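Visitor: One letter stands for each residue in the lines below.
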Amino acid sequence: MSILRNALTIAGKDLRAERKSKQVLPTMLVFAVLVIVVFSFAFDPDKESTKALIPGLIWIVSIFSAILGLNRSFISELKNDNIQGMIIAPVNSISIFLGKFFANFVMILIVQAIAIPMLFLLFDYQFNGSLPWLLLTIFTGTFGFVGIGSFLSAIASNSGISEMLLPLLLFPIATPALIGIVSATKIILRHPDQIEKAYGWLQLVGGYDIIFFGICIVLFDYILEV
Amino acid sequence: MIKIQKLVKKMGNKMILRNLDLEVKNGETIAVLGPNGAGKSTLLKVIATLYKPTSGKVMIHGIDLNENLNKIREKTGYLPHASLLYEHFSPLENLEFFGKLYGVKDLEKRSKELIKQVGLAFFMNEPVKGFSRGMIQRVAIARAIIHNPLLLLLDEPHTGLDQKAVGILNDVVETNKQKGMTTLMVTHDFKQAATLCDRAIIIQRGIVSDDFPIEVRTEEWLLNKYNEKVGGEN
Numbered sequence: 022m023s024i025l026r027n028a029l030t031i032a033g034k035d036l037r038a039e040r041k042s043k044q045v046l047p048t049m050l051v052f053a054v055l056v057i058v059v060f061s062f063a064f065d066p067d068k069e070s071t072k073a074l075i076p077g078l079i080w081i082v083s084i085f086s087a088i089l090g091l092n093r094s095f096i097s098e099l100k101n102d103n104i105q106g107m108i109i110a111p112v113n114s115i116s117i118f119l120g121k122f123f124a125n126f127v128m129i130l131i132v133q134a135i136a137i138p139m140l141f142l143l144f145d146y147q148f149n150g151s152l153p154w155l156l157l158t159i160f161t162g163t164f165g166f167v168g169i170g171s172f173l174s175a176i177a178s179n180s181g182i183s184e185m186l187l188p189l190l191l192f193p194i195a196t197p198a199l200i201g202i203v204s205a206t207k208i209i210l211r212h213p214d215q216i217e218k219a220y221g222w223l224q225l226v227g228g229y230d231i232i233f234f235g236i237c238i239v240l241f242d243y244i245l246e247v
Numbered sequence: 318m319i320k321i322q323k324l325v326k327k328m329g330n331k332m333i334l335r336n337l338d339l340e341v342k343n344g345e346t347i348a349v350l351g352p353n354g355a356g357k358s359t360l361l362k363v364i365a366t367l368y369k370p371t372s373g374k375v376m377i378h379g380i381d382l383n384e385n386l387n388k389i390r391e392k393t394g395y396l397p398h399a400s401l402l403y404e405h406f407s408p409l410e411n412l413e414f415f416g417k418l419y420g421v422k423d424l425e426k427r428s429k430e431l432i433k434q435v436g437l438a439f440f441m442n443e444p445v446k447g448f449s450r451g452m453i454q455r456v457a458i459a460r461a462i463i464h465n466p467l468l469l470l471l472d473e474p475h476t477g478l479d480q481k482a483v484g485i486l487n488d489v490v491e492t493n494k495q496k497g498m499t500t501l502m503v504t505h506d507f508k509q510a511a512t513l514c515d516r517a518i519i520i521q522r523g524i525v526s527d528d529f530p531i532e533v534r535t536e537e538w539l540l541n542k543y544n545e546k547v548g549g550e551n
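Chains as they are written, first to last, in our numbering: chain V, 22 to 247; chain R, 318 to 551.
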C-alpha cells in the first residue's frame, strides 16, 4: 500500500507542478491541435479515403504529444537534483516509477480527450462504432506507450541529448505495440462489424503492456543506482 | 551510530574512497575537512544511501547499508550542495511533499513550525524560485530535518549564506544536537566547524588521515591543526 500511496504523492506533485508552471501540458495541446489542423487542410475531409487516415492520425497525435511530455518528465527533476530528494527518502524505487507513469498517463489522457473529438470534428467523421471499445483501445495503447516511455525517459535524462535520445530508444521498442494498437483502432473505427479482430490485436498489445511494464518496474531500481 | 570498515568507492576507473574506516557515536557533531577532491562529499553520499559502496562494510543506526536502505533513510537527513527543492512550490508545499514521503505525522503543523524556525514564516506560501540563496538554504535545511532524523548529513551548508542565515542554520544544528541528533558536516568554513563541532576528521586521498577532538573552539586552532596535516595540498 505504501508503494501506491507514495506513487500517488509523486504523481500529485508532478501534476501540481504542471498546474503551476504550465510548461508541458499546453505545449502538448498546442502541438496536437496544430497537427490536426494542418492535416485537416492537407486532406479533403469530404473524401472517403481521408477517413482511412483517422486511426493513424489519432496515434500520431498521441505519440508525438506524449514524447514532448515524457522528455520533460525526468529532466524536470534534474534542475535542483530533485530526484535525489526522492531517492534518499524511504520510498521504494517502484513508487518513483509509478508516480512518474501516473502523471504522464493523466497528461496524455487529457490531450487525447481534447484532441480526438477535435479530430473527428475537423475531419467531419461520424463515429458509429463502439465507444467502450474505442476507449479501451486508447487506454491500452497509451498505457503501454507511456509505461515504457516513462522508463526510457529516466534513462535518457542522464544524457545531454535526451530530446533526441528518447525517440530513438522508444520507437523501436514500442513498434510492436503501435502496430497492434493502430490496427485495433482501424477496425473499431472503420469496420465495427469485425470487432473480434480488434480483440486479437488488443490481446497482443495487452500482453506487450504487461511484459514491458513488469520489466520497467524490475529494472527501474538500476537506473537510479549510482 | 555509524561504523564504516574498509569502504571503497570507485567511479569508473577512479578510486574515490580507499579502504576508509570511520566510527561515529550517537550525538556527536563532526566536521569533515579535507582538500578538494579528497572524497568528503562522496563519503556523505554513501552514508546518505545515494551511492552504493564498491566494497567494504557500512553500518548506520546498526543496520547494514546493503540490507535495509529504507530503514536507514527513515532516520537520516541529508543536505547536499543542491537544495533538492521544487522551485514552483512554496516552502510549505515542498516540506509537505517530502514530509509525505517520510510519513511524517501532523505534517502541516510540523512544516509550519520548521518554516517559522528558519525564519521564513512570511514567505511560507511564496514560490521558492524567487528566493535568495540564503532563503533557499534555510528551506533546504528544514526539508532535511522534516522527519526528525537521528543523523544529519550537511555538505558545505554555510556556503553563500549571509550572517543572519548562518546564525539560523547554526541554531537549527545546535537545537537538534541538544535533542541527540548526530551531525556530519563537510565544510571548508573553519570558523563554523570550530563553533559547531566536537570532533574533526580530515580526509585526504580517500582515507581518514586525522581524527581529533576540537579542544579549542577557535578558527585559528582548527586551521593550524588542519595545516599541520594537509600542508600545501589542495
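No lab work stands behind these hints: they were computed from the structure. All values reported here derive from a predicted model rather than from experimental measurement. There may be inaccurate statements among the hints.
[Stated by the list, open to error] 25 Å max Cα-Cα, derived PhoX-like pairs, lysine-lysine:
hint: 1; chain 1: V; residue 1: Lys100; chain 2: R; residue 2: Lys323
hint: 2; chain 1: R; residue 1: Lys369; chain 2: R; residue 2: Lys342
hint: 3; chain 1: V; residue 1: Lys100; chain 2: R; residue 2: Lys369
hint: 4; chain 1: V; residue 1: Lys100; chain 2: R; residue 2: Lys426
hint: 5; chain 1: R; residue 1: Lys331; chain 2: R; residue 2: Lys342
hint: 6; chain 1: R; residue 1: Lys323; chain 2: R; residue 2: Lys392
hint: 7; chain 1: R; residue 1: Lys494; chain 2: R; residue 2: Lys508
hint: 8; chain 1: R; residue 1: Lys446; chain 2: V; residue 2: Lys41
hint: 9; chain 1: V; residue 1: Lys41; chain 2: R; residue 2: Lys429
hint: 10; chain 1: V; residue 1: Lys72; chain 2: V; residue 2: Lys207
hint: 11; chain 1: R; residue 1: Lys481; chain 2: R; residue 2: Lys496
hint: 12; chain 1: R; residue 1: Lys417; chain 2: R; residue 2: Lys342
hint: 13; chain 1: R; residue 1: Lys342; chain 2: R; residue 2: Lys320
hint: 14; chain 1: R; residue 1: Lys374; chain 2: R; residue 2: Lys392
hint: 15; chain 1: R; residue 1: Lys323; chain 2: R; residue 2: Lys388
hint: 16; chain 1: R; residue 1: Lys331; chain 2: R; residue 2: Lys320
hint: 17; chain 1: R; residue 1: Lys392; chain 2: R; residue 2: Lys369
hint: 18; chain 1: V; residue 1: Lys43; chain 2: R; residue 2: Lys446
hint: 19; chain 1: R; residue 1: Lys417; chain 2: V; residue 2: Lys43
hint: 20; chain 1: V; residue 1: Lys41; chain 2: R; residue 2: Lys374
hint: 21; chain 1: R; residue 1: Lys392; chain 2: R; residue 2: Lys417
hint: 22; chain 1: R; residue 1: Lys481; chain 2: V; residue 2: Lys41
hint: 23; chain 1: R; residue 1: Lys494; chain 2: R; residue 2: Lys323
hint: 24; chain 1: R; residue 1: Lys331; chain 2: R; residue 2: Lys369
[To be verified] Interface residues of chain V toward chain R, partial, derived using beta-carbon atoms under 7 Å:
hint: 25; residue: Ala32
hint: 26; residue: Lys34
hint: 27; residue: Arg40
hint: 28; residue: Ser42
hint: 29; residue: Gln44
hint: 30; residue: Asn103
hint: 31; residue: Gly106
hint: 32; residue: Ala110
hint: 33; residue: Ile115
hint: 34; residue: Asp145
hint: 35; residue: Asn149
hint: 36; residue: Gly150
hint: 37; residue: Ser151
hint: 38; residue: Leu155
Glycine included, every Cβ here is placed at the ideal spot set by N, Cα and C.
Visitor: Determine for every hint whether it applies to the structure shown.
Guide: Cross-check of the supplied hints:
no.	hint	result
1	V/Lys100 - R/Lys323	violated (34 Å)
2	R/Lys369 - R/Lys342	holds (22 Å)
3	V/Lys100 - R/Lys369	holds (23 Å)
4	V/Lys100 - R/Lys426	violated (28 Å)
5	R/Lys331 - R/Lys342	violated (30 Å)
6	R/Lys323 - R/Lys392	holds (23 Å)
7	R/Lys494 - R/Lys508	holds (18 Å)
8	R/Lys446 - V/Lys41	holds (12 Å)
9	V/Lys41 - R/Lys429	holds (21 Å)
10	V/Lys72 - V/Lys207	holds (10 Å)
11	R/Lys481 - R/Lys496	holds (23 Å)
12	R/Lys417 - R/Lys342	violated (29 Å)
13	R/Lys342 - R/Lys320	holds (9 Å)
14	R/Lys374 - R/Lys392	holds (19 Å)
15	R/Lys323 - R/Lys388	holds (22 Å)
16	R/Lys331 - R/Lys320	holds (24 Å)
17	R/Lys392 - R/Lys369	holds (18 Å)
18	V/Lys43 - R/Lys446	holds (15 Å)
19	R/Lys417 - V/Lys43	holds (24 Å)
20	V/Lys41 - R/Lys374	violated (44 Å)
21	R/Lys392 - R/Lys417	holds (15 Å)
22	R/Lys481 - V/Lys41	violated (31 Å)
23	R/Lys494 - R/Lys323	violated (28 Å)
24	R/Lys331 - R/Lys369	holds (15 Å)
25	Ala32	violated (12 Å)
26	Lys34	holds (5 Å)
27	Arg40	violated (9 Å)
28	Ser42	holds (5 Å)
29	Gln44	violated (9 Å)
30	Asn103	holds (6 Å)
31	Gly106	holds (4 Å)
32	Ala110	holds (4 Å)
33	Ile115	violated (12 Å)
34	Asp145	violated (41 Å)
35	Asn149	violated (44 Å)
36	Gly150	violated (41 Å)
37	Ser151	violated (41 Å)
38	Leu155	violated (35 Å)
The structure fails hints 1, 4, 5, 12, 20, 22, 23, 25, 27, 29, 33, 34, 35, 36, 37 and 38 (numbered hints given earlier, in ascending order).
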